[in-house]
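Enquirer: With the hints as a guide, dock the two chains, each given alone in a separate frame, to form the complex.
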Amino acid sequence: MAKTILLVDDSVTMLMSVKNNLEIAGFKVETAEDGVKALAKLNAGLKPNLIITDINMPNMGGIEFIKKARALPGFRFIPILTLTTEANQGKRDEGKAAGATGWLVKPVGGADLLKIIKQVLPGA
Amino acid sequence: MAAKSKNIDFKNRAGRIFFISGGLLLILMICAILFGSYLEASLGKFKEAVFLGIAMAIALVSQVFLVQEMQKPQVLSPEERVHASNEKLRHVLNGITQRVESALGVKSSELSTETLTDALAVTLAKAATSLAERVKDLIQTLQNGNNDTLETVKQDLLPQIEQTADAITQYLNASEKIDATLREQINETKQLLLNLQNVLKNLPAQATQTQESPILTTLIGETYAVIDRHLQLENAVKEQLNVVANDTNDSAIQLVTLMRDLSNEAENLVRYITDAVQKISSLDSGVDDSVGFIIRIAHFIQDIPEKIQADIQSIQGVSGVIDGLTNLVDSIKEISFQTDILAVNAAIQAAHAGEAGLGFKIVADEVRKLAVNSNKAAEMIEDGLDAARHTIKEGLKFKFLEEVMAEMNEAAAVMESVKKLEESHEDMRQYYKTLFSVINNNNRKLAADISEILGSIQYQDIVRQRIERMQIAMQRRDELFQVFADELEASTGNLVDDFAAQMNIILEDYLEEESHHNSSMNSDADEDAPPKFELF
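First to last, the sequence lines map onto chains G and W.
For the first sequence, numbering that gives the first Met the number 0 assigns the number 0 to the initial residue and increments by one for each residue that follows.
For the second sequence, numbering that gives the first Met the number 0 assigns the number 0 to the initial residue and increments by one for each residue that follows.
Bound conformation, chain W alone (with noise of 0.2 Å):
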């Protein structure tokens, strides 16, 4: 019969037509039983014609019945109703529970968020690692210079330091706090998600084995409770994410602006050597003067010996002169002397002549006082002569020479210590030289290094976005989910929208989405990837 092709169900209408029929007939063979001898008397041989009849009539109503049954369109009773939908939301949940769970796998594998932090936390450790080392050799580079005056500069750089490590540990905090966040909602909804498995795999058996719907009730409301749940799980992460993102921010705003004070400070530092070195330059101009002059001087002392020999010995020639004359004197002296002796020849014979020659005595007499005259005249050209040479001689005993030569020798040396001044000054400006060379190349290795650090901050931006395309995908799932959810409370049975399509068109506008975006610091590695930098 029809009604033996499906499970025996005693609810529906085919099953009581069966149930039905079977009776009749099982009545009619204990009719037969029971009445046997009383109806083949009664009937003779037509008994068992009758039964047949009767059973045939029996079989050919309820198949009759049977066949009008199975033409009805089928309407399902509301067991076989929440049967159905409670099939389907098994359905549904599953492919739900796998969409997010491949969505929860790719964001922990592929975001790598953990490995950005890291890659993040090394770049900026590393940056300031080495701008510490460069500070330090700058410090230990003026200190070497023993200036003092550097050391205001040197007070001002080194709290700029101490606040640049403290703004990068900050950040680096931040950043951990996004792993960490991140981590912790994974594992949640991950912990959710195996509640409702749970509650899930649990729902076919219970839901076949039950004819009774207020469990599948709480099992819907257990169902929604933990999207309703999940979702607040969602919000409080949300939030956690927008405080990540802004402390992050602050963070690198923070650290920007004590960049720029260090760079400052630097800007100033060199600045201050800048003008020392100006400086320097103009003592240069006013020491090179000096010593100019000084050499001139030099030169000119240097030059008296041979002014003063040159004097010694036109001197000399004055003495020459005078020995000449006193030879002079000499002959002055002879002369007068014979002119005395003729004067009195002459007055001898001016007395024997008389009378006539009284006139002649006179002469002679004069001619005689100016014998004497001349005499004493040339005695006193000699005195003069004598004390004049007196004099040059005196003059020159006067171990004049010697002092001449000390004091040319003073001059020498004075020559020397010059000369050694200016050796020295070259020295000090040789070591000014290389000493703002040195300051000049730790400070581009400085601006070098801050500049890094300055591109580096660029990963907050890059976390920033990142967080929002989560934090988009997460509210088009929260949205979902409360359709979802919505639509389990009403407890209609039916579904109207295919959610795990839905959730899969998040997923893949989430993924598609994350592959348009440098994935991470470490992206150089993917040759695959289009270069971080074209020209077109």
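Here chain G stands alone, though its shape is the one from the complex (with noise of 0.2 Å):
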């Protein structure tokens, strides 16, 4: 059965470009424009295999949301990515404080997402 992966951005071109992606590569892809959004999604039911979040985002952002995810029931060891234009090191810090499981930077082509895809989700 294909693997769902929830992505939070508030920009829809990014939204779309990743999906796309991810799509072509057989995932199942579910999008949230922000945090708030997301952890909706999260509260209804969605049980996705990997998240991959923005960090700047209205409304709530990428860092708040990993936080209250990973407080979630079911939600401790699903891997969480973000993706970002934040290149910082303390921002870095508090994203991983906060229980994200890895770091990437804007742009991350098809071929590199997928790549770094397959380490957090073996046999993906």
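Since the hints were derived computationally from the structure, they do not count as laboratory data.
You may find that some hints are simply not true.
Here are the simulated DSSO-like cross-link-like pairs (lysine-lysine), alpha carbons at most 30 Å apart as the crow flies [as the list claims (entries may be wrong)]:
no.	chain 1	residue 1	chain 2	residue 2
1	G	Lys27	W	Lys531
2	W	Lys237	W	Lys176
3	W	Lys531	G	Lys90
Expert: Quick look at the structure:
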């Protein structure tokens, strides 16, 4: 069965580009425009195999979203990757402390993204 | 005297005291010259002492006033206040000028918008070229396949590619627009600042030379107008930046949609080919069945001559048996002949015996009849055997073997052609297999290219965020300019805020924020930068 990835980003372009790449690679992709909407999806019963989130978003940013998602039952070990323009170490440390699995700096090409996903989702 | 230690300024009180005391001393000296002889007559030798005493008194009084004046708290005249605020204004404006200039300098060099858009253009162009090549290869492969049904797929694919190219062009145009807008803005702002600098250069000289404040007011008014115009320009530029961000957004979305369509088309193509390959395999098994059947028939035909040969041999055996039977018929004939002679002899002997031999004569006659009948039967058997032999001989006369051999050769030829059919079928199968693998390979490359192009579109988001950060910095700067302009217009002469420091904060915030983000597509070259990908 196709693995599900939840993609969180406020940019429609990003959502479309990454979603298409993942779908072509055979993943099922759910999207959300900010942390609030993503959390709502998780609370409504969505159980993705992987979450990829932006950091700077309106309403609720990526760091806060990761913290809240990690607090939900059953989300302690689900890999969460960030995909952001934030490149500095301070933000990375914040992300790590919040519970992110890895930090990706935009842009990430299709092939590179799939390689990274394979590392965090064995058998994908 | 204390008053002499600073420039004589007749407008302040100390100056006036100095002026009055000096005047009194002068009058005293003139009096001494004009009325010297008269005073000498009346005062005698006390004349010098009286004059000196009066001069001392004037000096002492003026000194007392001056000391009082010096001890008074210094209250600035309106002119002095204007001068002071003028100085401060000059300082602030210089600070702003430097800060803004350095900000502009940083923007144009460090943001490297030009580099960004160039690199983006190169990436997209490369991806598009490679995509076009892949598609060309694919079409070439399909054309070699001489399959007309693929024409429709090709017709679908070509407009897709053209549209994609258009979208890429639009995207590049939008990026160029960003570049042009930013450069235009930087140039305009520089020009404004140059004007401002010229105004400010003249300001100190005019301020010290002029006692009148209207000129200063004009200068302030002009400065205000410059800043105001700058703000208007800023708004215009901001609107343009919004337009540009929207344009690139729209183009990127269109590009993604087209790429997705292209990918779907390629997927359809592969599905079509896969179907074709499946149909070919089912055709394969059909052909295999037919070939098996034909081979079985061929084997059957091949066996027929042997069977015929066996039949001939058994018929030849029958012929031998018939020959044997003919010999037997001869023996029967011989026996019946001898029996006949025996019967004749018996009849002669019966006749000799007279009446006693009458019965014997009848027997002899019957024996003779039997002999004749036996002979007749033997002849009939011989005729029958002859007819049978004749029939067999006639049957064997039909070049049967030659015909059978010809048929056998024909059967072998059929086998040969069946084998050839099988071989050509295998060739066809191999050809389709190769065709499928080539198309599959092309499609994989196509998918990889599409995936890379989709990845490149992420730069739209990076550009958008960069513009947003610029807009935030400009907004803050504009607000500061507005306060500054308002304070200038109010012409209070006192600037409440330290604008240079605030401008510096805006600049440093902006640069700090910018340093947190990946600055351009070429940032991989920066060895000190944190890795683009890190697993915790």
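Enquirer: Now tell me if each hint is right for this structure.
Expert: Going through the hints against the structure:
no.	hint	in the structure
1	Lys27(G) <-> Lys531(W)	holds (25 Å)
2	Lys237(W) <-> Lys176(W)	holds (13 Å)
3	Lys531(W) <-> Lys90(G)	holds (13 Å)
This entry satisfies every hint, going by the numbered hints stated previously.
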